[in-house]
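Visitor: Fit chain G to the given chain U structure using the hints.
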Amino acid sequence: QSALTQPASVSGSPGQSITISCTGTSSDVGGYNYVSWYQQHPGKAPKLMLYDVNNRPSGVSYRFSGSKSGNTASLIISGLQTEDEADYYCASYTSTSTRWVFGGGTRLTVL
Amino acid sequence: QVQLVESGGGVVQPGGSLRLSCAASGFTFRTFGMHWVRQAPGKGLEWVTLISSDETNIKLADSVKGRFTVSRDNSKNALYLHMNSLRPEDTAIYYCARELRSSSSSGTWGYWGQGVLVSVSS
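From first to last, the protein sequence lines stand for chains U and G.
Heads up: the first sequence runs through residues 1 to 111, numbered per the numbering used here.
Heads up: the second sequence runs through residues 112 to 233, numbered per the numbering used here.
Hints in this document: simulated from the structure, not taken from any laboratory.
Quick caveat: nothing in here was measured; it's all calculated off a predicted structure.
Capping the alpha-carbon separation at 27 Å, the derived lysine-lysine pairs in BS3-like fashion look like this: (1) G:170 x G:154; (2) U:68 x G:154; (3) G:187 x G:170; (4) U:47 x U:68; (5) G:170 x U:44; (6) G:176 x G:187; (7) U:47 x G:187; (8) U:47 x G:170; (9) U:44 x G:154; (10) G:176 x G:154; (11) G:154 x U:47.
Here are the computed distance ranges between Cβ atoms for each label pair: (12) U:13 x G:187: 48 to 54 Å; (13) G:174 x U:33: 23 to 29 Å; (14) U:62 x G:121: 38 to 44 Å; (15) U:55 x G:174: 28 to 34 Å.
Covered by chain G, per the in silico footprint, the following chain U stretches (three or more residues, Cβ under 8 Å): (16) 43-50; (17) 83-93; (18) 99-107.
Even glycine gets a Cβ: it sits at the ideal position worked out from N, Cα and C.
Just chain G, same shape as in the assembly:
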């Protein structure tokens, strides 16, 4: 079965950096686009970034452009979110999510991890 397990969250000071990881299993990772979606405490969902299966298509939300980057290692079935210049408003649960269909970048999030909490506070 499809499993997505995030790690790397924690408490970081404003201006700091953090790298989130998402370990994927139960499917052919290299053939699926992957996303990060976040949810501030008690708030709604916000799309953060997409990386296509072959890494040729990478998109970032305006709110994180210039500060966050996304990468993947298809040999390790792993997705990463590199977060720099963190702000208090980046405090959220970060979910990695897989496209429903292979070779797609439609933003249909068919599978989600359990999420990892990032807290930006001094």
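Just chain U, same shape as in the assembly:
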């Protein structure tokens, strides 16, 4: 069981917007702004999409954005494209001895 809770799957049509939630506790998501999101296509390494809640690394599309409220962080993808179909993982720093925790992952299907 993962420390952070994500929906197992979400889906959307091309051009639509979707939101993936990531719920933790005050020891992780709620207590720090070190929340990041990763995209992983099948058989590939993860790719950083957002860091520090809502910052995009160079080269990541503006269609990806993030937010946080209390113990829940969110990844928003606007203008869905077929290439967005992948697994998405959130991660957070935690004050527990584990140090960094992930969500269980969300499978995004673009219909």
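Guide: Chain G alone, transformed into the frame defined by chain U:
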């Protein structure tokens, strides 16, 4: 461009040992914190360990404490994961990952290797 190439994986019996290596290039290795993150087959991601750029800050996940150690050789641009007392639940793809920002240990994994498979089985 940043490149991280893992090696050293394979099949090992329970209780055995293995050393993974990660060869880094395309950036000033000695200035970046480095991590290992693993992914069991068909499962999610799990952070394993951090070693800071100057080796003064080393953290290990509870699941591997006492069994795994991490080290780096800044003169060789290399990161290592020494795995002892391996268990079937350690079976996973092991990724080395670089911090996004230099001199940081925030756990923002900006660059990843392609991963190496470790299989623990009798």
